[in-house]
Amino acid sequence: MLILLPPSEGKAEAGTGRRLDLSRLSLPELTPAREEVLAALVTLCAGPDEPAARAALGLSEGQRGELRRNARLREAASAPAGRIYTGVLYEALDLATLPPAAERLARRSVLISSGLWGAVRLTDRIPPYRCPVGAKLPGVGALSAYWRRALEPAMAAAAGSGPVLDLRSGAYAATWTPRGAVADRTVTVRVLHEREVDGLPTRSVVSHFNKATKGRLVRDLLTAGARPRTAAALVGALRDLKYTVEEQPVAAGRPRQLDIVVTEL
1 MLILLPPSEG KAEAGTGRRL DLSRLSLPEL TPAREEVLAA LVTLCAGPDE PAARAALGLS
61 EGQRGELRRN ARLREAASAP AGRIYTGVLY EALDLATLPP AAERLARRSV LISSGLWGAV
121 RLTDRIPPYR CPVGAKLPGV GALSAYWRRA LEPAMAAAAG SGPVLDLRSG AYAATWTPRG
181 AVADRTVTVR VLHEREVDGL PTRSVVSHFN KATKGRLVRD LLTAGARPRT AAALVGALRD
241 LKYTVEEQPV AAGRPRQLDI VVTEL
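Counting in this note's numbering, the sequence shown runs from 1 upward without gaps.
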């Protein structure tokens with residue numbers, strides 16, 4: 001099983017170990033693309049046109065410190081990606097408290113999408129950075145389009161022959177679209193909150209709690225030692241974990257779409 005996660009805007013303040021070494025990251029076939037994006041980002045953030053750099057990365061004037069951090073990425077201390085990302089999903093996943101067997105499964109199963117790195121595993125050592133996938137970098141262009149071209153072979157290989165649980169947000173999901181046989185083995189998830197309004201059941205899509213629910217869902221799968229071999233078995237594993245799962249109609253050559261219905265946030 002391959003589990004695809006989005007990155008988080010929230011990140012650790014600093015790494016704790018050696019400097020970044022692109023050659024040591026997983027999916028080594030992405031090294032040339034990572035080098036190109038990294039070089040463009042560092043050049044942009046170290047340059048004299050601060051307003052243009054902030055605009056390219058969607059930063060406010062009060063976030064200019066992010067430019068200084070990006071400019072020093074090659075010299076910055078690194079840490080495992082699982083510690084660098086600190087947003088809501090990762091708080092709910094709580095990697096640091098996983099039992100040893102679940103942690104080993106996470107290391108093998110989880111890939112995190114990234115506007116800067118393309119995709120990394122939890123153990124890949126990276127420095128804190130700021131580079132949303134919606135950014136446009138000089139010489140590289142729109143990162144979403146750039147990674148769509150670069151990621152296809154690496155991600156298809158990473159998917160292997162098992163199911164893919166795709167929990168990426170829309171912007172990151174656009175960087176790689178499973179196709180063919182991989183699409184048939186892919187499951188996407190939407191979280192719906194069900195509650196009563198004026199005595200009638202009402203459902204709504206949630207944002208903050210969507211991330212928290214996905215983090216808990218991944219944690220539960222890992223802790224249970226789930227190793228489904230098919231998309232149908234993955235759906236069954238979620239139901240075994242007492243999630244309320246509703247499947248949407250499946251179109252040939254498209255991922256399965258699941259609604260996870262929650263009543264408490």
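It is possible that part of the hints are untrue.
Claimed, not checked - No more than 20 Å apart at the CA atoms, straight line, and that leaves these computed lysine to aspartate or glutamate pairs for EDC-like:
hint, residue 1, residue 2
1, Lys136, Glu61
2, Lys136, Glu9
3, Lys136, Glu66
4, Lys242, Asp184
5, Lys136, Asp259
6, Lys136, Glu50
7, Lys242, Glu264
8, Lys136, Asp49
9, Lys242, Asp259
10, Lys136, Glu36
11, Lys136, Glu103
Hints in this document: simulated from the structure, not taken from any laboratory.
Unmet hints by their number, sorted upward, for this structure = 4, 5 and 11
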